[in-house]
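Residue numbers (the numbering used here), protein chains in the order written: chain A, 179 to 377; chain B, 197 to 275.
Derived from the structure by calculation, the hints contain no laboratory data.
A couple of the hints might just be wrong.
[As the list claims (entries may be wrong)] With a straight-line cut-off of 16 Å between C-alpha atoms, the simulated EDC-like cross-links for lysine to aspartate or glutamate are:
#	chain 1	residue 1	chain 2	residue 2
1	A	K242	A	E202
2	A	K251	A	E336
3	A	K242	B	E221
4	A	K242	A	E198
5	A	K311	B	D255
6	A	K209	A	D228
7	A	K362	A	E336
8	B	K199	B	E218
9	A	K362	B	E252
10	A	K270	A	D228
11	B	K216	B	D247
12	B	K199	B	E221
13	A	K365	A	E336
14	A	K270	A	E202
15	A	K236	B	D263
16	A	K209	B	D247
17	A	K365	A	E315
18	B	K199	B	D247
19	A	K209	B	E252
20	A	K361	B	D245
21	A	K251	A	D186
22	A	K311	B	E221
23	A	K236	A	D266
24	A	K209	B	D255
25	A	K361	A	E336
[What the hints assert, rightly or not] Derived coverage of chain A by chain B (criterion: at least 3 residues anywhere in the stretch with Cβ under 8 Å from a Cβ of chain B; other residues may be distant):
#	segment
26	230-240
27	261-271
28	339-353
[To be verified] Computed from the model, here is a short list of chain B residues facing chain A with C-beta under 7 Å:
#	residue
29	E213
30	E218
31	L246
32	R248
33	P253
34	L262
35	D263
Backbone N, C-alpha and C fix where the C-beta goes; we use that ideal spot for every residue, glycine too.
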Amino acid sequence: MIRKEVSDSQLVSLYKKGDEAAFEELVERHKSRVFTTIYLIVKDQYTAEDLMQDSLIKAVNTIKSGRYNEEGKFLPWLLRIAHNLAIDHFRKAKRYPTIVMEDGSNVFNTLEFSEDSIESLQIKKDTHALLRKLIQELPESQKEVLIMRHYMQMSFQEIADATDVSINTALGRMRYALINLRKKMQKTNIAYDQNFYRK
Amino acid sequence: MTKTFTENDLLRYVYSETSKIENVEIENALLCDQQLQESYSQLVSILSDLDRCVIEPSDRTIQGILDYSRSSNLPSVLK
Chain A
179 MIRKEVSDSQ
189 LVSLYKKGDE
199 AAFEELVERH
209 KSRVFTTIYL
219 IVKDQYTAED
229 LMQDSLIKAV
239 NTIKSGRYNE
249 EGKFLPWLLR
259 IAHNLAIDHF
269 RKAKRYPTIV
279 MEDGSNVFNT
289 LEFSEDSIES
299 LQIKKDTHAL
309 LRKLIQELPE
319 SQKEVLIMRH
329 YMQMSFQEIA
339 DATDVSINTA
349 LGRMRYALIN
359 LRKKMQKTNI
369 AYDQNFYRK
Chain B
197 MTKTFTENDL
207 LRYVYSETSK
217 IENVEIENAL
227 LCDQQLQESY
237 SQLVSILSDL
247 DRCVIEPSDR
257 TIQGILDYSR
267 SSNLPSVLK
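Generate the whole structure from the sequences, applying the supplied hints.
Right under this line is the structure:
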């Protein structure tokens with residue numbers, strides 16, 4: 179049952195009372211934003227699917243055990259869980275990048291492997307897949323701000339606090355991220371929206 | 197006299213982080229500053245591209261999450 183007029187907070191309250199349809203609506207509302215946030219960090223669809231499940235399961239456990247803080251908003255809270263799990267995974271993957279199976283395949287389905295397979299195939303038919311790939315190629319500090327501001331809906335001040343920089347630095351990183359995306363798009367020489375951000 | 201705005205100001209504006217007073221000032225500046233208009237439209241364009249490049253998890257993943265929730269034996273918290 180779709181209940182667009184009901185707020186996230188109301189849906190969480192209903193879910194606490196055992197209304198599984200309320201949880202289904204919450205998932206439906208926010209699955210794209212959460213999944214995109216994870217995917218842009220880990221760069222691999224299969225890993226992102228796993229982390230998506232882990233994030234929501236953590237949310238379920240927290241809400242059902244009564245540990246959910248109702249003062250906060252549901253989506254930013256869920257995105258923080260997803261972001262933290264994705265960053266943890268990313269760091270582990272960087273730390274152990276060369277573990278292989280007996281047949282020589284990479285047990286962690288590493289970032290480089292994923293970029294050359296699934297994503298490269300998508301790019302041929304999907305310009306937005308190219309944009310996602312270009313986001314992933316941004317310098318870490320710029321990518322971090324872009325994900326936090328655009329997909330996690332954190333304010334520039336919250337980003338500045340979370341990353342221990344000034345608000346002007348956070349704004350500057352976002353601006354350079356957008357400039358870099360435009361340059362990279364031009365470099366790929368793919369027909370694209372000619373109104374792309376210029377500076 | 198119209199105030200001069202920077203790219204950072206525009207960024208805060210498109211993300212609704214400017215004050216009401218700043219909004220009025222920026223909107224007035226947009227009416228008469230062609231360069232600012234161009235920067236604004238380019239900014240809006242790329243941000244809408246970022247909106248459109250979101251992806252969805254598989255149905256299987258979502259079903260797994262919903263199944264977990266339904267089968268979770270943790271007690272629901274009644275308020």
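Checked hints:
no.: 1; hint: K242/A - E202/A; in the structure: holds (14 Å)
no.: 2; hint: K251/A - E336/A; in the structure: holds (14 Å)
no.: 3; hint: K242/A - E221/B; in the structure: violated (47 Å)
no.: 4; hint: K242/A - E198/A; in the structure: holds (11 Å)
no.: 5; hint: K311/A - D255/B; in the structure: violated (23 Å)
no.: 6; hint: K209/A - D228/A; in the structure: holds (13 Å)
no.: 7; hint: K362/A - E336/A; in the structure: violated (28 Å)
no.: 8; hint: K199/B - E218/B; in the structure: holds (10 Å)
no.: 9; hint: K362/A - E252/B; in the structure: violated (24 Å)
no.: 10; hint: K270/A - D228/A; in the structure: holds (15 Å)
no.: 11; hint: K216/B - D247/B; in the structure: violated (25 Å)
no.: 12; hint: K199/B - E221/B; in the structure: holds (7 Å)
no.: 13; hint: K365/A - E336/A; in the structure: violated (33 Å)
no.: 14; hint: K270/A - E202/A; in the structure: violated (31 Å)
no.: 15; hint: K236/A - D263/B; in the structure: holds (14 Å)
no.: 16; hint: K209/A - D247/B; in the structure: holds (14 Å)
no.: 17; hint: K365/A - E315/A; in the structure: holds (13 Å)
no.: 18; hint: K199/B - D247/B; in the structure: violated (30 Å)
no.: 19; hint: K209/A - E252/B; in the structure: holds (7 Å)
no.: 20; hint: K361/A - D245/B; in the structure: holds (15 Å)
no.: 21; hint: K251/A - D186/A; in the structure: holds (8 Å)
no.: 22; hint: K311/A - E221/B; in the structure: violated (37 Å)
no.: 23; hint: K236/A - D266/A; in the structure: holds (15 Å)
no.: 24; hint: K209/A - D255/B; in the structure: holds (11 Å)
no.: 25; hint: K361/A - E336/A; in the structure: violated (28 Å)
no.: 26; hint: 230-240; in the structure: holds (count 6)
no.: 27; hint: 261-271; in the structure: violated (count 0)
no.: 28; hint: 339-353; in the structure: holds (count 5)
no.: 29; hint: E213; in the structure: holds (6 Å)
no.: 30; hint: E218; in the structure: violated (14 Å)
no.: 31; hint: L246; in the structure: holds (5 Å)
no.: 32; hint: R248; in the structure: holds (6 Å)
no.: 33; hint: P253; in the structure: holds (4 Å)
no.: 34; hint: L262; in the structure: holds (6 Å)
no.: 35; hint: D263; in the structure: violated (10 Å)
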